[in-house]
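Chemist: If you're matching them up, the sequences are chains Z and B in order. Oh and the first sequence: position 184 is 183 in numbering that gives the first Met the number 0, straight run, nothing missing. Oh and the second sequence: position 79 is 78 in numbering that gives the first Met the number 0, straight run, nothing missing.
Source of the hints: derived by calculation from the structure; they are not laboratory data. In this text the structure is predicted, and so the values were computed from the model without any measurement. Where is the CB? At the ideal position from N, CA and C, for every residue including glycine. Take the hints with a grain of salt, since some may be wrong.
In silico DSS-like pairs for lysine-lysine, Cα to Cα no more than 30 Å straight-line [unchecked claim]: (1) Z:K129 - B:K36; (2) B:K36 - Z:K133; (3) Z:K129 - Z:K142.
Here are the in silico distance ranges between beta carbons for each label pair [to be verified]: (4) Z:Y15 - B:V249: 32 to 40 Å; (5) Z:Q180 - B:G101: 21 to 29 Å; (6) B:A203 - Z:Y15: 53 to 61 Å; (7) Z:Q180 - B:V158: 51 to 59 Å; (8) Z:D16 - B:Q186: 27 to 35 Å; (9) B:G253 - Z:D68: 22 to 30 Å; (10) Z:E269 - B:F263: 25 to 33 Å; (11) Z:N88 - B:V13: 24 to 32 Å; (12) Z:T257 - B:W99: 56 to 64 Å; (13) B:D204 - Z:Y15: 54 to 62 Å.
Chain residues, written in single-letter form:
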Amino acid sequence: MTNTPAIEAEGLVKRYDGVRALDGLTLSVDRGEFFGLLGPNGAGKTTFIETLVGLVEPTAGQAAVFGNDVETEQQAVRNHVSVAPQEFNVDRFFPIQEVLEHAARIHGVRASDARERAAEALESVGLAAKGDRKFRALSGGMKRRFLLARALVSDPDLLILDEPTAGVDVEIRRDIWNVVQRLNDDGMTVLLTTHYIEEAERLCDRVCVVDGGQTVVVDTPGQLRRRGTDTIRAEIDGERVHANRLRAVDGVDDVAVTSDGVTVRAERAESVLAAVVTAVSRQGRTVETLEVDRASLEDAFVDLTGPGADGSGGPESDETTTSQPSERSRQSSTTEQ
Amino acid sequence: MTDDSTLSVPDSVVPTWVVRTLGLARREVLRVTRRAKNTVLPPIVTNGLYITVFGVILGARIGETQGVPYLQFVLPGLIALGAISQSFQNAAFSLFHSRWEGYVEVMIAAPISSAEGIVSYLLGSAVRGLLVGGAVFALGYLFTGTPVRHPALLIAFVVVVVLLFGGLGLVGGMWADDFDQLTVFNQFLIRPLVFFGGVFYPLADLPGIARTVSYLNPIVYIVNGIRFSLTGISSVPPLTSLAVLVGATVLVVGLDVWLFERGFGLTE
Ligand SMILES: Nc1ncnc2c1ncn2[C@@H]1O[C@H](COP(=O)(O)OP(=O)(O)O)[C@@H](O)[C@H]1O
Ligand SMILES: [Mg+2]
Chain Z
0 MTNTPAIEAE
10 GLVKRYDGVR
20 ALDGLTLSVD
30 RGEFFGLLGP
40 NGAGKTTFIE
50 TLVGLVEPTA
60 GQAAVFGNDV
70 ETEQQAVRNH
80 VSVAPQEFNV
90 DRFFPIQEVL
100 EHAARIHGVR
110 ASDARERAAE
120 ALESVGLAAK
130 GDRKFRALSG
140 GMKRRFLLAR
150 ALVSDPDLLI
160 LDEPTAGVDV
170 EIRRDIWNVV
180 QRLNDDGMTV
190 LLTTHYIEEA
200 ERLCDRVCVV
210 DGGQTVVVDT
220 PGQLRRRGTD
230 TIRAEIDGER
240 VHANRLRAVD
250 GVDDVAVTSD
260 GVTVRAERAE
270 SVLAAVVTAV
280 SRQGRTVETL
290 EVDRASLEDA
300 FVDLTGPGAD
310 GSGGPESDET
320 TTSQPSERSR
330 QSSTTEQ
Chain B
0 MTDDSTLSVP
10 DSVVPTWVVR
20 TLGLARREVL
30 RVTRRAKNTV
40 LPPIVTNGLY
50 ITVFGVILGA
60 RIGETQGVPY
70 LQFVLPGLIA
80 LGAISQSFQN
90 AAFSLFHSRW
100 EGYVEVMIAA
110 PISSAEGIVS
120 YLLGSAVRGL
130 LVGGAVFALG
140 YLFTGTPVRH
150 PALLIAFVVV
160 VVLLFGGLGL
170 VGGMWADDFD
180 QLTVFNQFLI
190 RPLVFFGGVF
200 YPLADLPGIA
210 RTVSYLNPIV
220 YIVNGIRFSL
230 TGISSVPPLT
240 SLAVLVGATV
250 LVVGLDVWLF
260 ERGFGLTE
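Given only the sequences and the hints, what does the whole structure look like? Please build it.
Modeler: Okay, structure coming up:
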């Protein structure tokens with residue numbers, strides 16, 4: 000039991016008429032891992048989560064949570080899992096403290112403990128003072144944090160967060176990150192879906208890039224970043240350089256000559272840098288400044304899920320990659336010669 | 000109503016499925032009692048009006064029916080009507096509301112089973128049906144001093160009735176796609192059955208075919224069962240009525256569990 004993965008999905012397919020929300024999704028999440036599901040809108044992230052807890056019945060394939068089949072051993076699965084959903088689905092009749100107590104009770108938490116658990120859960124997301132409010136009286140950021148509290152009240156072994164920071168401001172986003180990071184540090188397995196690259200990069204041990212209901216790639220954020228393309232920008236004095244000589248350098252993907260220098264794209268900047276500088280010198284020119292722009296996870300993501308990529312149509316809207324403060328990892332180094 | 004007193008039992012001895020069921024049941028009961036002004040009071044007022052008009056005003060002209068004052072004759076029907084419509088409406092509305100707002104997913108994704116969930120909803124509906132049925136009985140008792148010849152049987156009938164119609168309400172709550180459809184169920188199924196269910200007239204007054212068809216109407220058994228429990232008169236043998244109703248309740252609740260298990264109206 001202790002060696003069974005937290006989640007194991009094999010060839011999951013979910014077909015709605017005309018749409019393949021999941022198209023053979025395969026992945027495995029280890030116990031204690033912080034695992035990200037990164038994909039554009041419509042990639043099938045929510046559908047995947049819903050198959051895990053039995054809200055959606057897969058058309059084909061299998062999935063198990065802590066070794067329990069999601070279709071035949073639902074109760075065992077549900078005993079260990081909680082979901083903070085993407086949509087606000089809250090009973091607005093009761094004050095939120097009581098909504099949490101109800102959630103605890105239907106997970107089998109005894110009456111005498113439920114109240115305390117509810118108070119703790121509110122406390123952990125910074126809503127301790129709001130327990131007697133109704134859901135509709137909360138601000139957007141509070142609503143998001145409340146959904147997290149509701150998932151925590153049953154003390155799950157696997158916490159599933161479906162776009163947990165959608166539409167909240169930067170400060171609250173960071174608060175939510177801190178809470179879930181701490182939970183994961185204490186041993187809770189976390190599955191997070193997001194289309195915010197920064198979120199995946201900041202939090203996740205491993206990231207599965209999904210697109211068109213398929214696993215595009217699973218890797219650590221660091222390794223994924225390497226799949227993107229680096230950019231080298233060189234300012235060169237004197238006349239224009241010959242692009243062809245630079246293109247001939249091993250490992251260089253693309254060269255563009257500009258008015259004051261040249262832009263070179265390569266998978267790994269460090270492996271071509273010296274050769275590029277040499278090729279410029281051989282033409283009798285001097286490199287005045289050199290800037291290396293390392294590929295970010297965002298670039299990798301766009302490369303992997305963009306219109307030219309395998310999988311299906313790619314991002315439905317440009318919200319996918321641009322609405323977020325992308326911290327493009329700019330490790331510039333400027334050299335004088 | 001203070002909170003924890005309602006449905007909590009000494010803990011550690013209680014199996015987990017009971018914890019879950021009582022937890023959800025408590026929510027459903029509070030949904031009724033917290034808003035008693037909206038859930039329980041209006042039907043009591045309506046029935047008070049019925050009792051005044053049918054019993055006190057019209058009843059004086061009609062005189063005795065099957066050997067009892069008219070109000071004593073219609074009172075069982077009014078009790079049944081209150082219990083039926085309120086338990087039905089409560090179950091239908093509460094389940095539908097949880098689908099509409101989406102929080103039904105919280106229940107589905109929790110380890111609480113379909114049967115436990117159904118029991119919880121039925122308990123909430125039963126409380127509402129019993130409160131209204133009980134209040135109508137109390138009003139009628141004040142006006143007519145109706146006898147209560149078989150109290151145990153009376154309780155048995157009313158309890159079965161609220162479970163049966165709570166169970167039907169759950170089917171309605173799963174099936175409806177919008178609020179209007181909930182009303183449709185009530186208007187086109189429950190109301191006609193009630194009006195032709197022998198509330199206002201003895202079955203013996205009906206011509207042959209109409210009387211035969213009436214025996215297919217479950218309300219007939221309810222009304223006659225309650226009438227027998229109070230006054231001792233009935234158009235149908237009371238134990239037959241009770242057996243038919245228990246059978247129908249088992250079928251309907253079984254249907255609820257079956258539909259829940261399949262996620263009818265609940266998932267996807
Ligand atoms: N109930 C449904 N009926 C029809 N199509 C659906 C349904 N749910 C999801 N889809 C479709 O399945 C695809 C995946 O959706 P979803 O899992 O919500 O993606 P994501 O969460 O990654 O944004 C989308 O094209 C969506 O329109
Ligand atoms: Mg989604």
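Chemist: For each hint, tell me whether it holds in the structure or not.
Modeler: Verification of the supplied hints:
A distance of roughly 26 Å separates the Cα atoms of K129 (chain Z) and K36 (chain B); the hinted pair therefore holds under the 30 Å criterion. This hinted pair checks out: K36 (chain B) and K133 (chain Z) have alpha carbons roughly 20 Å apart, not beyond 30 Å. Taken as a hint, the K129 (chain Z) and K142 (chain Z) pair is honoured in the structure, with Cα atoms around 11 Å apart against an allowance of 30 Å. Distance hint check: the CB atoms of Y15 (chain Z) and V249 (chain B) are about 36 Å apart, consistent with the given range 32 to 40 Å.
A hinted range of 21 to 29 Å for the beta carbons of Q180 (chain Z) and G101 (chain B) is consistent with their spacing of about 28 Å. One distance hint, 53 to 61 Å for the beta-carbon pair A203 (chain B) and Y15 (chain Z), holds here, with the actual separation near 57 Å. Between Q180 (chain Z) and V158 (chain B) the C-beta distance comes to about 52 Å, which sits within the given range of 51 to 59 Å. A C-beta distance of roughly 33 Å is found between D16 (chain Z) and Q186 (chain B), which places it inside the suggested range of 27 to 35 Å.
In this structure, G253 (chain B) and D68 (chain Z) meet the distance hint of 22 to 30 Å, their C-beta atoms being roughly 26 Å apart. Our hint of 25 to 33 Å for E269 (chain Z) and F263 (chain B) is violated, since their Cβ atoms are close to 60 Å apart. Separation of N88 (chain Z) from V13 (chain B) is about 28 Å and conforms to the stated range, judged on CB atoms against 24 to 32 Å. Checking the proposed 56 to 64 Å range against T257 (chain Z) and W99 (chain B) shows it holds: the Cβ atoms sit about 59 Å from each other.
Taking 54 to 62 Å as the suggested C-beta distance range, the pair D204 (chain B) and Y15 (chain Z) conforms, at roughly 56 Å.
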